[in-house]
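Asker: Spelled out, the chains give:
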Amino acid sequence: MKAVPFEYARPATLAEACALLAAHGADAKLIAGGQSLVPMMAMRLARPAWLVDISRLEELQHLTAPAGQAAGGDGHFVVGAAVRQCVMERDPRGRADLPLLARALRWVGHVQTRNRGTIGGSIVHGDTSAEIALVACVLDAVLELRDTSGATEVPAREFFLAPMITSIAPEQCLAEIRFPVWRGGDHAMRGCAFEEVSVRHGDFALVSACAQVELGADGRCLRAELGIGGAAPVPLALPEVGAQLVGAKIDEQAIVAAADAATGLIDPEGDLHASAEYRRHLARVLVKRVLRAANADAMRNSGETA
Amino acid sequence: MSTGATQDFRYIGKKRRTKEDPRFVTGHGHFVADIALPGMKHIALVTSPHAAARIKAIRTDKALALAGVHYVLTGAELCAGTEALLPGVDAPKVMRYPLAHGVVRYAGEWVAAVVADTRALAEDAAEKVEVDYEPSEYVLDPEQAAEPGAPLVHPLHGSNVLYRRKFVWGPVEEDFARAEHRLALRVRWGRSATVPIETFGVAAQWDPGQQLLDVWASIQMPKYPDQTARALRLPGNAVRVHFDVDVGGSYGVKRGIKHTVLVGYLAKKLGMPVRFIEDRLENMRGGDMHGPDRIFDLQVAFDADGTIRSLKIRALDDVGAYAGRSPLQLGKPVGAIVGPYQIHSVEYEPISVMTNKTAQEAVRGFGQSPTNYALESAIDQVARHLGMDRIALRKKIFIRKDQFPYLIPSGTRYDSGDYHAVLDKALAAADYPALLAVRDAARRAGRIAGIGIASCLEPSGGNSSFEPLFNPKNQTTTWMDSCLVRVDLSGTITGVMNTSSAGQGHETLVATVVGEVLERDPDTIRVVHADSLNALPSNSPVGSRMAIMLGGAAAGAARKIKDALLAIAAHNLKKGIDELAYRDGSVSVKGNAQQSLSWDQLVEIAHRKFHQLPPGLEPGLQAKFVWEVPTGGALPTADGRIQMYPCFSFEAHVVLVEIDPETGQPKLTRYACGHDCGVMINPDIVHGMTYGGIAHGIGAALYEKFAYSDNGQLQSQSFMDYLIPTALEVPALSIVDHCTPSPHTTFGQKGSGEAGYLGAPAAIACAINDALAPLGASIAELPMTPLAIWTRMQSALAGAKDSSA
Amino acid sequence: MSEALYPVSVDVNGERREALVPARLSLVDFLRDTLRLTGTHAGCEHGICGACSVLLDGEPVRSCLMYAVQADGRSVTTIEGLAQPDGTPGALQDAFCETHATQCGYCTPGMIIAAHALLEANQAPDEQEIREAIGGNLCRCTGYQQIVDAIKLAAAKRAKGAS
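Protein chains in written order, with my numbering: chain A, 1 to 306; chain B, 1001 to 1805; chain C, 2001 to 2163.
Each hint should be verified, as a subset may be incorrect.
[What the hints assert, rightly or not] To give an idea of the chain B side of the interface with chain A (calculated C-beta under 8 Å), a few residues:
hint	residue
1	L1566
2	A1567
3	H1571
4	D1721
5	E1729
[Unchecked claim] Distance condition first, Cα-Cα at most 35 Å in a straight line; then the derived DSBU-like pairs of lysine-lysine:
hint	chain 1	residue 1	chain 2	residue 2
6	B	K1574	C	K2152
7	B	K1801	B	K1015
8	C	K2152	B	K1019
9	B	K1019	C	K2160
10	C	K2157	B	K1574
11	B	K1624	A	K288
12	C	K2160	B	K1014
13	C	K2157	B	K1014
It should be emphasised that the hints constitute simulated quantities derived from the structure, not laboratory data.
Bear in mind that the values here come from a model prediction, so they are computed numbers and not experimental data.
Glycine residues also receive a C-beta, built at the ideal position from the N, C-alpha and C atoms.
Chain A on its own, in the form it takes in the complex (with noise of 0.2 Å):
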C-alpha cells in the first residue's frame, strides 16, 4: 500500500504555504500529522500531486489563553491548527479552560496517534465521528482559514458539510481555532462530559454525544451546549436543544426530554458496524450520559472567579 508518487514541500512560513495552494490548487493537499491522510494516501484514496507539510510552522504552534475576563463576553483560547493533540491534552491551561476538549481527547485514536495527529487535521478531515470536530461545534468554536488573499472566519458549525467535506477551498490553510472559554459569573458551576460507543475502544465512534452546561447557585440552568457526532452527516451541534434547558434544573424529566428532541434532528447512516436505528437509539442514550454527567460535574465543582 504505497502512495502515489507526489512532490513535498515544507514552506519556512504560513504565507509560502499558501503561494503553494495557490499555485497547485487542488493538486495539493496540506499535512500537518498525517494521521488521517497518510492511511488514505496509502489506499491510493488521496492522490495529491503536492503535500505541503505545515507540521513544523511556528505560526500554527500557538495556545493562547484569554487574558483576564472580557466584558461582557467570554474570551476564546486560541489553538493553533498544527498544535498536536498530545500537546493539547498537555497544556494546563487548555485543560483548565477548555475541560470538554481535554475529555474529548482522551477518545481520539491512540497515545501514538495523538503524538502526531493535530487539532485542525482532525477538524479538517472532516469526520462526522472526530471528536476534536465535535466539541468545536458545539463549543461553537470560530476557525480561521488563511489563503494568499487573506484570512476568513467560519464559524464551526457551518464548517461540515457532508461526511468528509467542509467548507476549506482548495487554496486554504487552517490557521487557527478559537474556542469560546466559559467565565460565569461569581456563582456560576460548569460542568461537561463526553461519551462515546465504538465496537473497540479507540475505534472511530458509532456514536459520540458531548455536554458542556453551566448551572446558577440554585442548581438551575444558566447555559446549555450539547451535540452529536456520527449520527448525521456532519458532527451536529444542538443549540436548540440546549437552549431548551435553561431556566430549569437538569433532572431526569428535563434530560429525557433532550434527547428526544436531539434524536429528532438527527440523521444516520447504517454501515457494517451499526444499524441507522441503533445509531438512533445511541445517540438517545449517549444524550442522556453526557447531560447527566455533565450536570453532577457542574454540581461538583464550586464557582470559580475570573
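Since the structure of chain A is already known, use the hints to place chains B and C on it.
Answerer: Chains B and C only, in chain A's frame:
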C-alpha cells in the same frame, strides 16, 4: 511408553526462558520481508473488482511503459506454464491457479501480477493495467448455492457442492425414537480467521547453473516444497525451501502455495530474484486465508436425567470460490464429534459449498472450534430445557477418567483425561460461587450479566486421516515428523528440525527434550532448521502436533545417541550395558564411580578413536529419528470410522460477561481456563499459546468478521473494519493446569498449539446467552457484536410487550 | 521520468543517517529498506496494528504514517536502539524474555517501543495504564497477558534500581 506425570523431570515442565525470545526482543528476527536479494524485484497485483465475471481482455502496454517495470504476468501465460492447485477432496474440475484465467470468481481474485524495481512502482503499474470484464451471475449465500439452479462457481464441476456425505455411527434413528426429549437448534459461526500481523510473503531465486529454485517464505504448510515443485513442473529436488525464515504468526493460515507458484514462476522465467509481500488489502481480500463459515443444524435426543442418547449434526460450510485443504476442516472434527461427552450415536453430515467469496484456508483448530461452539450451545440448551444446572449436566455426561481409552462412535479413541477435575479446577480458579454472586448482584441492580461455561476437547498430534476419509482416492496414511541430533567433535550438541516455526518455541522444545534425555543443559544445545533439500520428512506444525511429534522425534534421536554412548562405554569399560549408569552425559560402572568415561572422552572415541569404537557402530555421534504419528497408519472403514488424532487435550473455560443494557456492548470481566495437555514441556510456551488462543477466540466471538455486501464486496478488508482485539478487549486471563499424561507419547505430553481458541468462542457465547436469558433473548450467531446483541435485546423486549398486550 | 528525490538527514539510534529518497517513501520503509534496520516491522501500512512503532524525538509514533521526508532533522529510535550501549538487551527486553512476552516476534519491536515510552513517562503504571499504553499495538500470539506481566516486571525492577 509414557513415563507419566509422576516422574520428576530435570528440564521438562520447568520454567525456562526460550531460545527464540532474545532475537525477537532485540529486533533480530529473520522474516521474509527482511530478505534482500541482490537485484530483487517486487510484485503488486491487479485484482478483480467483481464477484464473478468473464475476463474479455487484458491490456498491459501502459503498465509496461512505466520506468522500472519489468513484466506483467497474466493468467493465460501462468496457467499454461504451471499445474493447477487442487482441493483436498476429489474435485478435479475445481482448479485454482494463482491468477484468474478467463473468469474471475470473487472480488479480490488476482488477475495479473506486475514485476517492478520497487513495490511502489509495481503498484503504479498495476493501476495502469486495463482489464475488460463482463460481469456475470454470482451466488453468496451458501444455502442458496447448495440448491440446484444456483449460479455455478465452477460450471465444470456441475454443482457448487464440493463435498457432501452423511455419516451414521451407531443406531441413531433408534436412539432418537427411544429418547424422552428432542430439541433442534441452529447456530452460525461467522467467517473470520486468525489473521497474523505479518502478511504472507515469499521470495524466490532461480539458479540456472544448479537448476535450483531457492524459496524463502512465511510458511506453515504440509508438503509445501513438494507441492511447489509439482505446480512449477520441477523435480522435487529442484526446489529448496529455507525453513529458517521466522514466520510472523500463522495459526493455520499461511498456506501461500498460490503466492509461491506465482513468484517461483516469475523468478525462473525472468531470471531475477522476485519477492512478493502481500499488503494488507491483498491479504484480506485475495490471500485466500479466510476461516470456516459455517451453519450448524443440530438435533439432540436426550432423556430427562440428562443422558444424551444421540446427536445429529449437519454442518454447511462456505469455502468460497476455491478450496485448498479447507473442505477437510469439516473432517477433522469427526475425531472429537461428541466432545467430552458420553453420547451413544451420532449422525454427521458435512457439506462443503462454494460461493463467490474469497477462498477459505486452514485456521487454528482446523474446524474444531466451530464444532465445539455448536456442541456447547446444544449442551446448554439441553440443560435449559431440563431445568438442570449446566455444570451438573456436564459432570453427569462427561466421559469419566476411569473410562479411558474411550472409543467414540466415529471410531476414534480418546487417550486419557479427567474432565471432572479440570472443570473443578477452572471453577475454583474463577471462584465460581463468588462469580455467581457478582452476576446475581448485577442483575438485581438492573444490569445484564452472565457466566459462560465451556468444556471442550483439543485433539492433538495431527494426523491427516481426514484426507482418505473425505477422498477415498487419497490413500495417505503417513503423517510423520523427524529430528536429527548431532554431537560434534567438541562435544556440543545440535538438533535439526525439518520445518518452519511461527512462534511456537520449537527450538526450545527440541533443546529441552534432547537435554532431558542426554542429561545436558538445554542452554548449550543449539537447534537449527534444515532446508527442504537436507531436511528429514516433516508435516509442519499443524494440528497441535509438534510437542508430540517433534518432541518424540527429538527424544528418539537423543535416545539413540545415549545408546551409542552406552555402547562405547560398555566396549571400553568391558562391562555389559546393564552394569553401567549414565549420568549427565558420562557413564560409569554401577557401584564403582572410578570406572567411568566422561562425556568428552566418549565423544572423542566416537569421533577420533575408531580403534576404540565397538564393531558395527557408526563413527561420529549423530542420529536421526523419523516416526509415524502414534495410532496412525490406518484407512477409514467403509462407514467412515477412523482414529483421527492420537492425543486429546482438554480445556474448561469459565467467563463472566456484563452487557451494557443500553448499548449492548459486552465486557468480559473475569476469565479462567482450566487446561490439561498432559505433561507440558515448557509451561511458559504452553500458557502463552493458550492466552493467545483465548484472545483469538474473543475475536471470533465478539469482533471479527469478513463481511460481504450484497454485491460480493468484502466490506471488512482493512484493520479499520476487521476488528482485532487489543489489550483493552482481552481481559486478564488466568490458566490453571492439570495433567493427564498420554500413554502414546514419550513424556506423556499432548499437543496444545490450538488451546484456548477451541473453547473460548463457545464459552463466551454461553456467557452472553446466560446474560440474555432473563430477558428472553438469545443469540445464535458469531460474532456477537454490540449491534447484534442490542438487536436481540430489542426483539425480546418487543416480543415481551406483544405477549403482555 | 523518475520521481524527484529529496535529501533527508535523520538521527537514527544516535547516528546521523543521510539519504536521497522519494517523497512517498514511508519512514518504516526508509528504516527497513534504505537503512536495513529490519527490526521495525510493517503489519498493515494504515496505522492500526502498531508493529511499526518507533520513537520520534522520544515519543512513540507509527512509522508507517510518516514519510521519511517528514523525519528530516528529527531523531528516531528503533528497537535496535533500545539495547544497552554494549549491545546487550535492556531491562525491558530482558523482562520480555523472563515472562515469555513474545512468540512469533512480529509485533514485539513495536510493543517494546510502546512499553518503553510508557515506563519513561510513568514509573509505576497500573494494569489499566499498561493496557492503554499498548492498546494501539496488536498482538495475535500472546493474548497480551505475558506482555502485561513483562511491563509490570520491568517497572518493578526499575523501582528496585536495576539499570
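Asker: So, for every hint listed, does it hold in this structure?
Answerer: Quick rundown of the hints versus the structure:
{"no.": "1", "hint": "L1566", "result": "violated, 59 Å"}
{"no.": "2", "hint": "A1567", "result": "violated, 60 Å"}
{"no.": "3", "hint": "H1571", "result": "violated, 65 Å"}
{"no.": "4", "hint": "D1721", "result": "holds, 6 Å"}
{"no.": "5", "hint": "E1729", "result": "holds, 6 Å"}
{"no.": "6", "hint": "B:K1574 with C:K2152", "result": "violated, 58 Å"}
{"no.": "7", "hint": "B:K1801 with B:K1015", "result": "violated, 58 Å"}
{"no.": "8", "hint": "C:K2152 with B:K1019", "result": "holds, 22 Å"}
{"no.": "9", "hint": "B:K1019 with C:K2160", "result": "holds, 27 Å"}
{"no.": "10", "hint": "C:K2157 with B:K1574", "result": "violated, 55 Å"}
{"no.": "11", "hint": "B:K1624 with A:K288", "result": "violated, 71 Å"}
{"no.": "12", "hint": "C:K2160 with B:K1014", "result": "holds, 27 Å"}
{"no.": "13", "hint": "C:K2157 with B:K1014", "result": "holds, 23 Å"}
Going down the numbered hints, you'll see the structure goes against 1, 2, 3, 6, 7, 10, 11, while the others check out.
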